[in-house]
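Asks: The primary structure of each chain is shown beneath.
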Amino acid sequence: MLARLVLILALTLLAARPAGAQGFAGLGSTAAAEGFATPSPETRLSFPRDHGPHPDFRIEWWYLTANLTGPDGTDYGVQWTLFRTALTPGEAEGWTSPQIWMGHAAATTPQHHFFAERLARGGIGQAGVHSDPFDAWIDDWQMMGEDLDSLRLTARGAEFTYDLALTAEGPLVLQGINGYSVKSADGQASHYYSQPHYKIEGTLTLPSGPVAVSGQGWLDREWSSQPLAADQEGWDWFSLSFDSGARLMGFRLRGARGDFTSGTWIAPDGSATPLAPGAFQAAPLELADVAGRQIPIRWRVTLPERGLDIEVSPLNRQSWMGTRFPYWEGPVHVTGSHKGRGYLEMTGYE
Amino acid sequence: MLQIENVSKTYPGARPVLQGVSLHLDAGETLALTGESGSGKSTLLHLAGALDGFDNGEITLDGTRLSRLDDSGRAALRRGCVALVFQQFNLIPSLTVAQNLSFHARLAGRQDPAWTKDLTERLGLGELGARYPEQLSGGQQQRVAIGRALAARPALLLADEPTGNLDETASNAVLDLMLELVRDSGPALFLVTHSERIAARLDRRAHLSGGRIA
Amino acid sequence: MIGAACQALASHWRRHPLQLGTLLAGLALATALWSAVQAINAEARASYARAASQIGGATLDVLEAPGGPMSRARYVALRRAGWQLSPVLEGRTRLGEEQVTLLGLDPLTHPPLPAFEAAMQADQAVLAQMLTQRGLLLAPPELVAALSDVPGLPPLRASDSVPPGMVITDIGLAERLLARPGQIDRLLILPQQPMQLTPLDQLAPDLQRRASRAGADTARLTDSFHLNLTAFGLLSFAVGLFIVHGTVGLAFEQRRAMVRTLRALGLPVRLLAGLMLAELLALALVGGLLGLGLGYLVAAALLPDVAATLRGLYGAPVAGGLSLRPSWIAGGLAMALLGTLAASAQALWRMLRMPLLSAPGLQAWAQRAAQGDRRMALAGLGLIASGIAALGLVKGLIGGFALIGGLMLGAALLLPPILAALLGLGRHLTRGPLGEWLWADTRAQLPGIGLALMALLLALAANIGVGTMVSSFRLTFTGWLDQRLVSELYLTARDDAQGAEIVRWLAPRSDAVLPIRAAEFTVQGNPVTVYGVVDHPTYRDNWPLLEHGPDAWAQVNAGQAVFINEQLARRADLWTGDAVQLAPGWVLPVAGIYSDYGNPTGQAITALPALLAHARAVPNRRFGVRIAPGAVPDLIEALRAKFDLPASALIDQAGLKSRSLAVFDKTFVVTGALNLLTLGVAGFAILTSLLTLWSLRLPQLAPVWALGLTRGRLARLELARSLLLATFTALLALPLGLALAWVLLAVINVQAFGWRLPMFLFPLDWLRLFVLALLAAGLAAALPARRLYRLPPSELLKVFANAR
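The listed protein sequences derive, respectively, from chains A, B and C.
Okay, so the first sequence: first residue is 883 according to the numbering used here, each after it adds one.
Okay, so the second sequence: first residue is 90 according to the numbering used here, each after it adds one.
Okay, so the third sequence: first residue is 40 according to the numbering used here, each after it adds one.
Calculated directly from the structure, the hints in this document are not laboratory data.
For each residue, glycine too, the CB sits at the ideal point set by N, CA and C.
One or more of the hints may lead you astray.
To be verified - Here are a few chain C residues that face chain A, going by a calculated C-beta distance under 10 Å:
hint	residue
1	Ala116
2	Trp122
3	Leu147
4	Gln168
5	Pro220
6	Gln235
7	Leu236
8	Pro238
Unchecked claim - Derived list of chain B stretches under chain C, where covered just means 3 residues or more per stretch with a C-beta under 8 Å from a C-beta of chain C:
hint	region
9	105-118
10	166-172
Claimed, not checked - Over 10 Å on every C-beta distance to chain A, these chain C residues come out as not near it, computed from the model:
hint	residue
11	Thr171
12	Glu214
13	Leu395
14	Arg533
15	Leu773
16	Leu836
The shape of chain A in the complex, shown without the other chains (with noise of 0.2 Å):
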């Protein structure tokens, strides 16, 4: 989730491309100079606070993931992420704040694939996050509830709205060490932490009408102040679960200097077990031909540790985001030792 960094930093400079590494490459070192706060291992993290807003870090997100089933057997995706990027550190009043807040959302089908962005100022309300209760919006996107184990999201856009209950059936998960997550060798980390255990039911709109939905979904939470190496330009992002109840999340960066990967081992009970870089793998087995790049559609992924050897294969090839910094993003099926779902999140392909 790390690479979820740069989505965010593009955020700042709003460019209609990915604006490859070398436009961040100077912002990490900055940030102190800057006035942000950057993440510390003394940090321990205390809930409600936490889930919401850390204005005086540059970058946050809420993100949430979900594996959905129609009555009729008919597997859907659905994608509902906020983005938060500051300017400055610290939070003011009306147009002057410094922050800025960027939503995506999506849903997926085996034929369709239909997203929509939001964009909004911080300091007037049009978008935000509160702790306690829990709310999280942007315009008319919602996410919200007494606190994080039982929550109602919302979004709609062009072709699609959906409104599902989220009910959490296992704790939350901190990711590294007491939600601590030190992402490379040069020192770069985050706060991090997730909650991988929602059981969703809800409505499903689309153009062809409502579907009632049941699945799950996983929420991550991630806040730094920190971008990606230098010559980093993409990344492949796993979020797995099993039917056994295990879950496994990995990340592969690609880079010059060769790929970084790591993860987190989720066992049945919610207790995490961080993997070691290198650890995880993951190789391409297909490529396909998307919005006019070539994609790596079906992956061979390996943790030896666990004995995992699966494929992973997607439920729409054509799970393009086309928003101002587009990537691919859509619900995944495994097949291999271990059966289940997921989503993959991928990025930096030209």
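Following the hints, complete the assembly by docking chains B and C onto the known chain A.
Replies: Using the frame of chain A, we list chains B and C on its own:
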């Protein structure tokens, strides 16, 4: 060469100018047409030169029947086989003497530089080539007009009182020159004059009176 | 054959270079003034279009609150209901010494905007800078240059994609600079909306949705201005064509003999026609190209003033720079070609239909022209009648200009017959042979110089007409300013809070403080500014009411009626006693109509409490202060010291009046310049007519000379003759000019601006113009007269030697 048979001409709203005139002219022959003012001699000349149409009869010029020609056919005939010398000199004022001299020949597409040069010398215009008509005397201007007519080597030269605007000395000199050149280059000459003295110098003469050949 | 014929035709121009020059000059002048006006219009229109595209959202519908801005909370509420909207805050403000339109946008939600795209292309940090506290102003380069030394401004960045006179910035910075925190003027409705939205008329029934009018407003307001310019261009073109017509006519006349000779020598008439047509077109092309060059220079010289006018009068974004457009070049050349053909058709036709055998000479031409006098008189009367009919049939500006066109051209055609009659009369009244000869000879000369005199008539009449219109307007405007600007001091506070503070402070120090507060409403689809006034004798005693009902002020002050300005009354056809709907549920009777020359848009006044009841967030920052005039300077000093107000925030009455008059004068700078140029062209037409007539006139002068008149005497007579003709023409131009002025004031102005002005007469201006006309005619005649004076007798003798 030129056959005029029973030709009549009446201008609208006026009494008849020509009433059944017949006349002929052979190649190389010179003919003087005399008559009082208003007798219709200039009109007859104009008809012979295909400058104007006629009401009855027929004029045959170099084998072409004029009554059958339209405006452009008459223009082509004027260009090709007729040349004109008028009482007024009718030079183009904005062209030089040399340009005026060769003008008709160039228009007809029959320019003969040697002949033009010869003509220029014999007309005594050699020194005046770069001048404009208004810078010449009347006699000189009429010599340019004669030169222009002959340079095109016409089959028929029509002259309407060519010396009418000149004094007697100039008149004699110009007439001598014209007749000499006509003899040397061979066109037929149809000359209108009111002067018996001039008429006497041509091969034949005809007299027009009241619109008829007397 | 063709070569020889071409040489003969061309040789005429080589022998008459002056004639050639005149023809080309006439064509060039006609094309120049016409294409200059076209270039100015095209540039202005391109500016509007560019500005509309640069401001963005030109094709989007907008959502507005009637009677004032809406709150930011309103925007957020609609956003949170799912509607994809983008807020805009716009206002006029003064930065340093520059009056600018400040456009505040939210760059995150606004549709792609050229200014942003270009700025970010150059520097990706632009957006971040724009959204943060420091802020960034995007302005056109010339404005950035003008503002670079102004202290305390946010950082400026030059952008070619920002319309002239405009500053684009983030809405957050705009609220601070305009002192309008939390306000939004309108919401752009973005093209893509999510599904299943609650309709806007349920969510926000009080907001009005309307189609975008970006650019359309400007176009509508400035249309009349451009039509005016076009009319002037056409007038100049017509005057220039008179020169062409006259010169071509003479040139063909002089070539009659040549044409006859060419045809006698056997050149087919059809070929000759083709060659002469080709010759004309070649001349038109050369003259047209010269004219385009000249027109470009004229346009470039005039454009800055036009741009200033359009910006000042209409707030229309026009830059002072001129660009060369292919369509403009093609249009100018086409005008030159068509104009030449129109001006030459008659001469060409006559030449080709000329019989091969007939007596040549100028007399024939003159005789024919004289025969044509009666026909011309009839045609002239017909034109005038059809102009009047056109006004009846076609309403609006077009009808008005048709009337002017008919009037002017008809009068021009009537001129030669009238002059002929006058000269005939003069001859009857004169005793003595010389006098008789002079009158008769002048009469004989008329056909040759008549066209030039027509040009002079048109130019003089246009000058008198437009001059009378402008001067009447100015006089009315000055009087109106005196009525309208009664307060001794006008001040603008930084914001409402400071405004309130200043009012408190001023209360014991002045006779009265009159708030100037207004909100915008829509009446019959057009914006109308409604002012709320307090009950004070300042208004009752001075307001320039054109008409009013009984007890009008009492009703207005009670908020039970409105006064509306004349342009609103005319445009919406609302008069005293009618009811006007200013907003849903706010209908008031019209208590009276007042004159308003300050702006082209609709306006109304009513009592302040009534306005405040129907409009939200009406700014309270502008005030008129009543105080003894002598105390104004001290008060200004005290106010500036106490409230830290910039110099531009405090304007005394005299300063405001002079500024208003400066804007007014600037508006008519171009009119004046075109007027003068037209007169110059007419003077040139006279000169060229006289010069081309010169050689043809010698045979007429020589006998008189031979009879014992000295050349000096003849020269003086020639001069006197020109002055005589110019005098007659100028005298005839006066009634025509006054008629023109009346049409401009009573028809054109009403249509263009929506107000009717009283007409005043300015005899001193006429005298000045009269002297100018005589001077032009005298100068034009002086050159040929001097030539005559110096002419060797041998030249005159030649006339007798060279019998024609």
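Asks: Next, verify each hint and record whether it holds.
Replies: Hint-by-hint comparison with the structure:
Nearest Cβ of chain A to the Cβ of C/Ala116: about 9 Å, under the 10 Å cut. The hint holds. The interface hint given for C/Trp122 holds, since its Cβ lies 8 Å from the closest Cβ of chain A, which is under the 10 Å cut-off. Here the hint on C/Leu147 is kept, as its CB sits about 4 Å from the closest CB of chain A, short of 10 Å. Taking 10 Å as the C-beta contact cut-off toward chain A, the hint placing C/Gln168 at the interface holds, the least distance being around 9 Å.
A cut of 10 Å between beta carbons decides the hint on C/Pro220: the least distance to chain A is about 7 Å, and the hint holds. Annotation: interface hint on C/Gln235 holds; nearest CB of chain A at approximately 6 Å, less than 10 Å. Given hint, C/Leu236 at the interface with chain A, holds; its Cβ is 8 Å from that chain's nearest Cβ, closer than 10 Å. Contact between C/Pro238 and chain A, as hinted, is not supported at the beta carbon level, the nearest pair being about 15 Å apart and thus beyond 10 Å.
A count of 0 residues in the region 105-118 of chain B with a Cβ less than 8 Å from any Cβ of chain C is obtained; the coverage claim is therefore unmet, three being the minimum. For the region 166-172 of chain B, the stated coverage by chain C is satisfied: 5 residues place a CB nearer than 8 Å to a CB of that chain, which reaches the threshold of 3. At roughly 5 Å from the closest C-beta of chain A, the C-beta of C/Thr171 falls inside 10 Å, breaking its exclusion from the interface. Listed as outside the interface, C/Glu214 is inconsistent with that label: its C-beta sits roughly 7 Å from the nearest C-beta of chain A, within the 10 Å cut-off.
With a least CB separation of 78 Å from chain A, C/Leu395 remains clear of the 10 Å interface cut-off, as annotated. No beta-carbon of chain A comes within 10 Å of the beta-carbon of C/Arg533; the shortest separation is about 18 Å. Every beta carbon of chain A lies more than 10 Å from that of C/Leu773, the smallest distance being close to 63 Å; the non-interface claim holds. In this structure C/Leu836 is separated from chain A by more than 10 Å, as the shortest Cβ-Cβ distance comes to about 89 Å.
In the structure shown, a violation is registered for the earlier hints numbered 8, 9, 11, 12, in ascending order.
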